[in-house]
Amino acid sequence: MTKRKQSSAEALELVKSGDTILVGGFGLIGAPLTLIDELTKKDVAGLTIVSNNLGESGKGLGILLNQGKIKKGIGSYFTSNRDVGDKYQAGEIELELLPQGTLAESIRAGGAGLGGYYTTTGVGTDLAKGKEEREIDGVPYIFEKAIRGDVALIRAHKADTLGNLVYYKTARNFNPLMATAAKTVIVEVDEIVEPGELNPEEVVTPHLFVDVIIEAKQVLTKEGVVSV
Amino acid sequence: MTTMTKQEMQHMIAQRVAKELKGPMSVNLGIGIPTLVAEYMEDDDIYLHTENGLLGVTDVEEEDIDPNLVNAGKLPVGEAVGAAYFNSSESFAMIRGGHVDAAILGALQVDEHGVIANWAVPGKNIMGVGGAMDLLVGAKKVYVTMTHTSKDGSPKLLKECTYPITSTRSVDMIFTELAVFEVTEDKQLRLVELMPGATIEEVREKTEAAFIE
Numbered sequence: 000m001t002k003r004k005q006s007s008a009e010a011l012e013l014v015k016s017g018d019t020i021l022v023g024g025f026g027l028i029g030a031p032l033t034l035i036d037e038l039t040k041k042d043v044a045g046l047t048i049v050s051n052n053l054g055e056s057g058k059g060l061g062i063l064l065n066q067g068k069i070k071k072g073i074g075s076y077f078t079s080n081r082d083v084g085d086k087y088q089a090g091e092i093e094l095e096l097l098p099q100g101t102l103a104e105s106i107r108a109g110g111a112g113l114g115g116y117y118t119t120t121g122v123g124t125d126l127a128k129g130k131e132e133r134e135i136d137g138v139p140y141i142f143e144k145a146i147r148g149d150v151a152l153i154r155a156h157k158a159d160t161l162g163n164l165v166y167y168k169t170a171r172n173f174n175p176l177m178a179t180a181a182k183t184v185i186v187e188v189d190e191i192v193e194p195g196e197l198n199p200e201e202v203v204t205p206h207l208f209v210d211v212i213i214e215a216k217q218v219l220t221k222e223g224v225v226s227v
Numbered sequence: 000m001t002t003m004t005k006q007e008m009q010h011m012i013a014q015r016v017a018k019e020l021k022g023p024m025s026v027n028l029g030i031g032i033p034t035l036v037a038e039y040m041e042d043d044d045i046y047l048h049t050e051n052g053l054l055g056v057t058d059v060e061e062e063d064i065d066p067n068l069v070n071a072g073k074l075p076v077g078e079a080v081g082a083a084y085f086n087s088s089e090s091f092a093m094i095r096g097g098h099v100d101a102a103i104l105g106a107l108q109v110d111e112h113g114v115i116a117n118w119a120v121p122g123k124n125i126m127g128v129g130g131a132m133d134l135l136v137g138a139k140k141v142y143v144t145m146t147h148t149s150k151d152g153s154p155k156l157l158k159e160c161t162y163p164i165t166s167t168r169s170v171d172m173i174f175t176e177l178a179v180f181e182v183t184e185d186k187q188l189r190l191v192e193l194m195p196g197a198t199i200e201e202v203r204e205k206t207e208a209a210f211i212e
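In order, the protein sequence lines correspond to chains Z and D.
Numbering of the first sequence is given in numbering that gives the first Met the number 0, commencing with residue 0 and proceeding in unit increments.
Numbering of the second sequence is given in numbering that gives the first Met the number 0, commencing with residue 0 and proceeding in unit increments.
I should point out that these hints are in silico values taken from the structure, not numbers from a laboratory.
Just to be clear, a hint being listed does not mean it is correct.
Claimed, not checked - Once the Cα atoms are required to be at most 25 Å apart in a straight line, the calculated BS3-like pairs of lysine-lysine come out as:
| no. | chain 1 | residue 1 | chain 2 | residue 2 |
| --- | --- | --- | --- | --- |
| 1 | D | K73 | Z | K216 |
| 2 | Z | K216 | Z | K2 |
| 3 | D | K123 | Z | K71 |
| 4 | Z | K128 | D | K73 |
As the list claims (entries may be wrong) - Beyond 12 Å from chain D on every Cβ pair, some chain Z residues (computed):
| no. | residue |
| --- | --- |
| 5 | E12 |
| 6 | L13 |
| 7 | D36 |
| 8 | T39 |
| 9 | K41 |
| 10 | V43 |
| 11 | G45 |
| 12 | G57 |
| 13 | G110 |
| 14 | F142 |
| 15 | R147 |
| 16 | K182 |
| 17 | T183 |
| 18 | L197 |
Said to hold, decoys possible - If you want the footprint, here are the derived chain D segments under chain Z, 3+ residues with CB under 8 Å:
| no. | region |
| --- | --- |
| 19 | 49-55 |
| 20 | 77-91 |
| 21 | 123-132 |
| 22 | 161-175 |
| 23 | 186-197 |
All C-beta atoms, glycine included, are put in the ideal place defined by N, C-alpha and C.
So that you can see chain D by itself, here it is in the shape it has in the complex (with noise of 0.2 Å):
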C-alpha cells in the first residue's frame, strides 16, 4: 500500500500527465492537480491557456504579481513571452472550436467509459460549472487527474457516476496516483501503467469500474 500525502500524490500525478505533453501544443489547465502540472512541463512549446482570457500563463515572482494577472483558479501567474490577451467569448472559441489541443482536468467521479462528473455534487446547491462544460465538449484531449479513492476510501472510479456528469463525451486518459487508464474507441477503460509502489491488487480493489488489464 501506498503511504504518501496527499501533496505528495498530487505532485507525482501531475509529474506523470506532464510526460504526456509534447509541443508544439495549447492547453488549458483546472484547478486543483492539474494547476500543478505547469512544474513539470519538460517542452518549451507549450503554451498554457486560461480561460479567463490568456494564452502564454508562466510562474510568476513574489515581487512581480500583478492583482490584475490571474490564471482560472484567481492565482497570480505570469505572462509568457509571445502571450496574447483577448475576452472570454473568444477564449470560449478556442475551447469550444477545438483550436486547444488538451485539456487537463481534475474529476470527483469517473464512469467505466470515461464519462466524468466533476461540477456538482448532489443534494447541495448547484453554483457553479465555470468552463467545465465547455472544455468537455471543445478540447482534441481531455486528460483527467485526481486521487483514485474519495476521503473516506471509496471508489471514484465507478461503473455509473451518482452525480450529475459535465459531458456525454468520454475523456482520454485518467491518472491517479495509482494508475494511468486510457479510453479505448469502444469506450473502455484500460489499464496502461502502475504508479511507482501501486500494485495490480490494490488497483482492483480500489476500483469499482470495470477495466481492461
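Looking at chain Z on its own, in the form it has when it is part of the complex (with noise of 0.2 Å):
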C-alpha cells in the first residue's frame, strides 16, 4: 500500500467548501507550503483555518485570507499578518484568540479523543470570558474544548509510503499534533522513501494517522519560499 499522491492538486481533492483545516506551522516555518499553494487554486468557500498564525502578509496562508477563502481563524498570534486586523475590522472574517499553549493542547485533546480538558492559562483574564470556570484541588481552572479539524495539511521532513513521519528542527511545531486531530491527513515532506528505511525509534507519527503523502514543490530557504 502507498499513500503517495503524485500531485498537490490530487491530494486536495478530499477538500471541500466550509471545512475546517487544520494548518501546520509557526509562521512559514514548518508551514505545508505547497499545500497552501494549492488550495489558493482550488475553488472553495467559507473555510475555517486553525493555524498558529494566517501566515504573513501576502505569503502563505495570507493568500487565502485575501482571497476571501477564510471565513474564521482559530489561532494564538495573527498579528504576524497585517491583513488580519483590516479583514476582521471590516467584518469579513471571524476570529478565536488562545493562548499558544491552549491551541496546542486543544489539537492534541482532538487527536487523543476527549472533550476538552481544564486549564489554568488564561483564568482571570479577558480570553477566560464565557468559559466554565471550576475549583481543582484549591486552584482555578477553566475548560476548552478540543478541536477537530475535517483536513489537516501539515509538514514533516520524511515519510516512508506507510505514512510514518520524521520531522526537522523547529519546522515540529504543530505537525505532529494536527496529525492526530482530522479526519483526513495530507502531509508534504521533503522526501519519500521506503517502509523501512527509517529507523522505528525515530518515527515522531506513526503511519495509522496520516492518508495522503506528496513531495513538496514550495520549501522555506534562507532566501525565502522557492518552487524546487
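Assemble the dimeric complex from its two separately framed chains, guided by the hints.
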C-alpha cells in the first residue's frame, strides 16, 4: 500500500467548502507551503483555518485570506499578518484567539479522543470570558474544548510510503499534533522513502494517522519561499 | 538623570537580569530585551527553552543559519550540544506543567502587586497572545524586563494595570534601567537595587506603584 500521490491537486481532492482545516507551522516555518499554494488555486470558500498564525501578509495562508476563502481563523498570534486585522475590522472574518499552549493542547486533546480539558492558562483574563471555571484542589481552572478538523495539512521532513513521519528541527511545532486530529491528514515532505528505511525508534508520527503524502514543491530557504 | 540610548538601556537591563540565572536551570526567553539576556549569561549550565519546540537554543553564525531553526521571535538560532526538539504540545507541557525554571518576559505595564499586562492594548484589535499566558501560569520564576517608562515618559509601574492583564499571578522580579524590584510574599513591590546612575528620587518620580524602599 502506498499513500503517495503524484500531485498536490490530487491530494487536495478531499477538501471542500466549509471545511475546518488544521494547518501546521509557526509562521512559515513548518508550514505545508505546497499544499497551501494548491489550496489558493482551488475553488473553495467558507473555510475555518486552525493555525498558529494566518501566514504573513501575502504569503502562505495570507494569500488564502486575501482571496476571501477563510470564514474563521483559530490561532494564537495573528499579529504577524497585518491583513488579518484589516479583514477583522471590515467584518469579513471571525477570529478566535487562544493562548499558544491552549491551541496546541486542544488539538492534542482532539486527536486523543477527549472532549476538552481544564487549564490554569488564561484564568482571570479577557480570554477566559464565557468559559466554564472550576476549582480543582483549590486552584481555579477554565474549561477548553478540544479541536478537530475535517482535514489537516501538515509538513514533515521525511515519510515512508506507509506514512510514518519524521520532522526537522523547529519545523516540527504543531504538525505532529495536527496529524492526529483530523479526518483526513495530508502531509508534504522533502523526501519519500520505502518502509524500513526510517528507524522505528525515530518515527514521530506513526503511519496510521496519515492518509496522503506528497513531495514538497515549495520550500522555505534562507532566500525565502522557492519552488523546487 | 540617565542619558543612555534605548539600546544601551536594553543591554544594561539584560546584563543585570542575567546575573540572577544560576545553573543548572532551564530558562525561556521572551522577545525583545529578554532575547539579549543570552549574550550575558555566565553559567554554562543554563539551557534555553523556546516554545516553538527546542530546548538548547544557542546563537548561530551567519553562514550556519537554517531557515527551519528559529526561536519564538522567528529569529535564526543555533542548536546547543545536548539540545532536544519537541512538538508544541510537549513544549507547553514543559511550561504549564512547571518544568521550566524561569521565564524572562517583557511587559507593557506592571501593577503594585506584580501583576503584568503584556499582550493587548485597549482600543486596538486583540490579535495575538502567543505563549505569554502559559509562561505566566507555569514558569517557576518569572522575571520581567522593561524600560521604566513608556515612550511618552509615563510610568509603567502602576497602581493598577489599565491594559488587559496576562495572568492573575504576580511575577517574581522586575528589572528596569533604573531599578530592580522584587515582589514580596504578601505581593508588594520592594526596591532591592538602584541601577548605575539612578537615584531614589528619580525612581520615586517615575513610578506610580507603591513600593517598599
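Here's how the hints hold up against the structure:
1. D:K73 x Z:K216: Holds - the C-alpha atoms of K216 of chain Z and K73 of chain D are around 23 Å apart, at most 25 Å.
2. Z:K216 x Z:K2: holds (17 Å)
3. D:K123 x Z:K71: Within the cut-off at roughly 19 Å; holds.
4. Z:K128 x D:K73: violated (30 Å)
5. E12: Per Cβ check, E12 of chain Z is outside 12 Å of chain D; nearest 28 Å; holds.
6. L13: For L13 of chain Z, whose nearest Cβ neighbour in chain D is about 24 Å away, the distance exceeds 12 Å, so it holds.
7. D36: holds (17 Å)
8. T39: Given a closest Cβ separation of 21 Å, the condition holds.
9. K41: Since the minimum Cβ distance to chain D is about 26 Å, K41 of chain Z lies beyond 12 Å and the statement holds.
10. V43: Per Cβ check, V43 of chain Z is outside 12 Å of chain D; nearest 25 Å; holds.
11. G45: Its Cβ never comes within 12 Å of chain D, the nearest being 22 Å, so this holds.
12. G57: At about 17 Å from chain D, G57 of chain Z clears the 12 Å cut-off, so the statement holds.
13. G110: violated (9 Å)
14. F142: holds (15 Å)
15. R147: holds (15 Å)
16. K182: Given that every Cβ of chain D is farther than 12 Å from that of K182 of chain Z, nearest at about 20 Å, it holds.
17. T183: T183 of chain Z clear of chain D: closest Cβ-Cβ about 20 Å, beyond 12 Å.
18. L197: holds (16 Å)
19. 49-55: Result for this restraint: holds, n = 5.
20. 77-91: holds (count 8)
21. 123-132: Result for this restraint: holds, n = 9.
22. 161-175: holds (count 5)
23. 186-197: violated (count 0)
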